[in-house]
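S.K.: Quick note: the sequence shown uses the working numbering, first residue 17, plus one each step.
To be clear, the hints were calculated from the coordinates, so they are not data collected in a lab.
All clues given are correct.
Have a look at the derived ranges for each label pair, beta carbon to beta carbon: (1) 92 with 203: 46 to 52 Å; (2) 37 with 157: 23 to 29 Å; (3) 217 with 57: 19 to 25 Å; (4) 26 with 80: 35 to 41 Å; (5) 45 with 89: 40 to 46 Å; (6) 26 with 209: 21 to 27 Å; (7) 109 with 70: 22 to 28 Å; (8) 22 with 92: 40 to 46 Å; (9) 203 with 126: 35 to 41 Å; (10) 204 with 139: 44 to 50 Å.
Below, a list of computed lysine to aspartate or glutamate pairs in the EDC-like style, where the Cα atoms sit at most 16 Å apart: (11) 128 with 72; (12) 135 with 72; (13) 135 with 120; (14) 135 with 146; (15) 218 with 120; (16) 218 with 113; (17) 136 with 120; (18) 136 with 146.
Each residue gets a CB set at the ideal place from its N, CA and C atoms; glycine is no exception.
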Amino acid sequence: MNVIQEIETRLPEQAVVGFRRLIGQARVGDPILLQERAMARMVAQAQWILNRVGTDGIRLTQAGHLPPAVVVEAAAALDWGWPISVNREVHLSPLQELRGHLRDVGLLRISKGTLLLTKKGRALAGNPRELWWHLARTIHHSRTAAVSDATRLLLLFVATRGLTRREDYLVTLARALGSLGWVQSDGQEPTTDSVWHLVDTKWRLLNRLSVFEQTDAWHGDRSAVTVGGAAFARAALQSEAPVAG
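Please model the entire structure based on the sequences and the hints provided.
M.R.: If you want it as structure tokens, here you go:
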């Protein structure tokens, strides 16, 4: 059972037909035919981090951040869409968040103050196609069940390519999460603000992976989906649901 089929098992009966129609619109079952060079463009920033860590690793600062020289190097090597020049990782949040995600999905680890590649990270650092697949299969992972559900539903809407504004995603996600029985801490139905709190980090990560057209998607509201972005979302939704228990 893949992750989107698992969500269907928790929907009220009256919502299943519409959900299946949405799955058809998203072409979730389609084969992934994206060319490798397109995959490589999408994971370029992630691959740069893995290759920069390399076999020797990177000694982190006492606060656990990348050293300023590496931040400057990263800023010069890739377009992070950041409006100012910085030399501290805390001031270049796209880099900081992507590094954190690569650690969360098992590609980086920290040992005795040094950032290192894991065995999986070493295997994928030079293989953009397999790195793309790994990031797709793990994008929805979270220790928080509500974040996982919200991310999977977000990916479903991304795969349809039918929405172009962030606000439209949030309105639709709020309704979908409500259908799954999610409520806020006060028992009220999800709102767009509460949904954004769930998916904001994942949204920015998808932007870093060029899932959205690069039209100021970091701060702006226009969020048209790229061809590669739709393929990435479908690949993510084809991944197997975790076994309960």
